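With the hints as extra help, turn the sequences into a complete structure.
There are 4 protein chains.
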Amino acid sequence: MRKLILLAFLAGAVHAEEKVLRYVPKHEELKYTFGGAAPTHHVPPGTRIVSWTEDCYDGAVTKPDQLPTKVIPPGHDNPQTGPFYIEGAEPGDTVAIHINKLEPARDHGISSFFPGFGALNRTDRTAVLGSDLPEKVWFYDVANGMARTRSLDGRLTWEIPLAPFLGCLGVSPGLEVRSTVVPDFFGGNMDCPEVRAGNTVYLGVNVPGALLSFGDGHYAMGDGEIIGTAIEGAMNVDLTVDLIKGRKTEWPRIENAEWMMTVGAARPLEDAARVAFREMVLWVRETSGLSEMDAYEFVSQAARAPIVQMVDPEYTVMVKIEKRRLPRLVSAATVR
Amino acid sequence: MRKLILLAFLAGAVHAEEKVLRYVPKHEELKYTFGGAAPTHHVPPGTRIVSWTEDCYDGAVTKPDQLPTKVIPPGHDNPQTGPFYIEGAEPGDTVAIHINKLEPARDHGISSFFPGFGALNRTDRTAVLGSDLPEKVWFYDVANGMARTRSLDGRLTWEIPLAPFLGCLGVSPGLEVRSTVVPDFFGGNMDCPEVRAGNTVYLGVNVPGALLSFGDGHYAMGDGEIIGTAIEGAMNVDLTVDLIKGRKTEWPRIENAEWMMTVGAARPLEDAARVAFREMVLWVRETSGLSEMDAYEFVSQAARAPIVQMVDPEYTVMVKIEKRRLPRLVSAATVR
Amino acid sequence: MRKLILLAFLAGAVHAEEKVLRYVPKHEELKYTFGGAAPTHHVPPGTRIVSWTEDCYDGAVTKPDQLPTKVIPPGHDNPQTGPFYIEGAEPGDTVAIHINKLEPARDHGISSFFPGFGALNRTDRTAVLGSDLPEKVWFYDVANGMARTRSLDGRLTWEIPLAPFLGCLGVSPGLEVRSTVVPDFFGGNMDCPEVRAGNTVYLGVNVPGALLSFGDGHYAMGDGEIIGTAIEGAMNVDLTVDLIKGRKTEWPRIENAEWMMTVGAARPLEDAARVAFREMVLWVRETSGLSEMDAYEFVSQAARAPIVQMVDPEYTVMVKIEKRRLPRLVSAATVR
Amino acid sequence: MRKLILLAFLAGAVHAEEKVLRYVPKHEELKYTFGGAAPTHHVPPGTRIVSWTEDCYDGAVTKPDQLPTKVIPPGHDNPQTGPFYIEGAEPGDTVAIHINKLEPARDHGISSFFPGFGALNRTDRTAVLGSDLPEKVWFYDVANGMARTRSLDGRLTWEIPLAPFLGCLGVSPGLEVRSTVVPDFFGGNMDCPEVRAGNTVYLGVNVPGALLSFGDGHYAMGDGEIIGTAIEGAMNVDLTVDLIKGRKTEWPRIENAEWMMTVGAARPLEDAARVAFREMVLWVRETSGLSEMDAYEFVSQAARAPIVQMVDPEYTVMVKIEKRRLPRLVSAATVR
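So the sequences go chain by chain: A, B, C and D.
Each step along the first sequence adds one to the number in our numbering, with nothing skipped, and position 49 is 49.
Each step along the second sequence adds one to the number in our numbering, with nothing skipped, and position 310 is 310.
Each step along the third sequence adds one to the number in our numbering, with nothing skipped, and position 3 is 3.
Each step along the fourth sequence adds one to the number in our numbering, with nothing skipped, and position 242 is 242.
Just so you know, the hints here were simulated from the structure itself, not pulled from any lab data.
Any given hint could be a false lead.
Below, computed lysine to any residue pairings styled on SDA-like, alpha-carbon distance capped at 25 Å [what the hints assert, rightly or not]:
#, chain 1, residue 1, chain 2, residue 2
1, D, Lys70, D, Glu135
2, B, Lys136, A, Glu286
3, D, Lys70, B, Arg247
4, D, Lys248, B, Gly116
5, B, Lys248, D, His76
6, C, Lys101, C, Pro91
7, D, Lys19, D, Thr40
8, C, Lys101, C, Thr69
9, B, Lys245, D, Gly75
For clarity, every value in this text was computed on a predicted model and none was experimentally measured.
This is the structure:
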């Protein structure tokens, strides 16, 4: 018998009566780090959190003629709703976050270029000489499943299908306190389009209570997020948190009925990919019992691996495997 | 009126009577470099080439118990069919290759791990100490649209849907002669799954006649090609070559009715991505008339960007844009 | 007249009577982060701190047969002495640390290989498959200006000249709290051999009081620190801290009578180098009045640029310019 | 007894009568590739070659107001003197090149910035958007052991001590033909300051006769060669070539009485460093008999590792070990 369920999302099964927390943070309750902030709520595993989160601009950009660098207070990128203290969570456990629903909370999304931040321009680390590109802002109308904007001269227009997800979903890193622009083993600013409704995200717990938070609503984003921002906007968030005791998770994993996915974070980009691929090799081995070399071969032929973003302090790569392609026992395969 | 056709594939339109070259190379006619070899044929633009190409193992691996490193002569990776001298092609022109059909020419495909080559192991450049992983070979049965194999201990099985493409398609680099394991601006060993039937590939011409060749049939491959090989096999190849005079192509472009695609090659992986993304920004500008900043924004929100491979001497990344998302004039959009 | 002094070390000049703080921390006073810890002392600018710091192993390795991973509590790498709150220091100022004297505080130094940490082996980010190298420890006898050890089988011996420096010297990063294995714009675990007696280090202030700390005594180290550790040991530390009000410092700078030096931190290694080179171009321009292109040319011909380390979460590169090579006015040069 | 001589330079010892080849190439005899060109001379091992080589600009820049991109024919970078067919050289052997003397052949050196080439600006691979820096040229007067130039506005001046070396010294790569801007395992455009008078360079042979060539005279250069050029100039070259039969050399090694040095080439820069460090670990093991872990430790504490250049298609890093620091037998050490 093949083990179809990889990491069970246990909320529905285990918790007889769902507890619901409804919470819209006041602006002064928003957080700007992973770790280092006191929780806003303590919630038992199985809690459904129906909430809201501000956009990456801290809500400070309200008109197209505002330059983000002029109106956002320093250090106020990607404000977080939370953190939530998950009762019973201890280092060595895994938090499972099932995303029930994500809905744009505004009728417009905002994208912009920040000088010194992006994939096709000079940055603080890819530190070239000469002048930088100019700061620019695009407002997108959000309607009928589409985000539509115009070119800066107003002459051309394009539209992008909405595909809402959370740019940030993370727990406390443990020893460190990290900015909300950083993705890493603790999740964080992964900017991963699969942190979306219908999917379950698994994050390892590093401190008691895990201290889960989310933010940075993305209405849509291309692979690479090359200009440094998605189509950004406040988001209505509906998710259920659960706890898997005694199971370690080294790097974020994501799962739904059809796919298993890993996210790696590092620079250079090949190291982010190596992390995600190695984690997938491990996950396939756990699931199928393959040897290391066989799992290396299987993932090599079966994986999808989009570049997620190459602008944050660590780049992120996602590796995906379709579950129905997973190896099965020869005997079982024969009788299928 | 919006310009829907980006780079026309001209063969059908321009050439009244199709010329067909039918050619199956003898083994001793195969080539192991891009550039540096005399052409096997001179063909006028518009020629349909119905041919065949050997697998990446130079045809030397015929049984699962043969280790590739023992049976392949040194320097005999990715043997090429061709090169073909395209009449009239001069530096500054573009060769357009429309792939009509690709068909596995054998009932089995072969994958293997070569020590020192791959993404999750030591290589000649990521030169770590300690012992390497062992050389291993997997034979896949090819039938019913699937490639199926077993684990090394025979206990487990998996199957991968066939998705045939050419790992190598390239022209002479010009000054240099490059090994057939190398991808770069001249195409070459791009290992790109979109070099497949139905698509048109554009390569810039660097020497008179271009000297086009192809090889390295892939029956299927995961993103990243992390173990260093796809499911490899000889391929029946049917393609039409054409010539666009006076049009430069800096980096390979690929196109079909729905998508426009660029391929970048470099190390580290973020530079391969930068090349492909920058080229896409340029292509979008040529097509739509967007400003640089607007095109940067559009591609940032609309692109797909899979890691193609991270094992060859240059890594490759592909950037894809769906044509129907391309910006259009505001007035045209309104009346649509 | 050419401006020979670049960034004056002001302590001697400005502060009439030197204040001296003598402080040997108890073990429980040691810190394991940059930022996030309450200061042990408040000191006015000009204070001389005569102190001591533990080795990178938290003092837990006392015999060659102890494996560091077994005896060091998790998160207890590179314990810091301090932090010291420098009175009057505000964001936008620069702290100048003049190192008066560094002296090995023990008669032996310790080096070791930690699995998963190093430049020529698999790490958490360069995540290859297969087995890792084994954990090993070398004790060095420290005497007569030399550190001497034996091979693991006792058959061979080598010795390295002592060249003591502080692996860690840093201030609070500001928003974040970083582990003491991390170097970055705030200094930190730079592992830079020029953080040594006779030199002055400049660090930008990110929080009131700066919160300066130091640790990770190195008795000697090769460029790259490739095995992941230097010849490590507790250190007697004698340094004077001063404050330059209203001067920003983006990246660490180091200076003595002959040399000006910048330190960049990033991955990949070329980005660490870009940071350090760009900072040097800026410093040369500030000092000499050269244009950007001229400064680019001058640094290109005059710089020394050793790899500092390529094992920490950010790699570090140092760029050095000999002051007597700095450009001077043509007229001044003529009359020289 | 400790083996002090690592790789003997055998010319003096073995060859009773020195053969001398005096040769100044005509311009039309210069070559622009490693590999792919017919030899100008056949020379027996032990031959002293007294010759000359043109500057990297193909001799086309003769006045400061000439832009290199306007006057150099495409593909004419780094013209080579040679190649020389070394009699008896076969794949698997090593060529030893002892550099007797290098002397600037002109009274001026030239440096310049090429748009798209350099470490602190956009390139064809680090493909950022926006405008590039402007092309600029600096002429240096060469006299009294110094190269002196002025800023572009003529207001400032600086001087750099002469330290002549050959930017290019290489053999045929074997299967491939590479541009003379490329360094790799075959040597080539290493831009390494230790390819200087007094040193011996070892290169592995890949084709019969090796096909050795040299060029790209550098009068002086900073580490990193960040603007893309050294202080460039034609060079009088006096070197002796010799052959070590049956000894493989995977990567370039350099040696003199005091130092052993390895050169690695790759991107990203950490991989160039890994190659050079790994090669040094191997060389130390061959010389001393250390185990792998001990050699890893020894090199970690004893190495110097400057960035050589980070502008060519592969970056180069050099690793140096002082011979007198090499491990010795414990008994020998005791009686010393």
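Violations among the numbered hints: The structure breaks hints 6 and 8; every other hint is satisfied.
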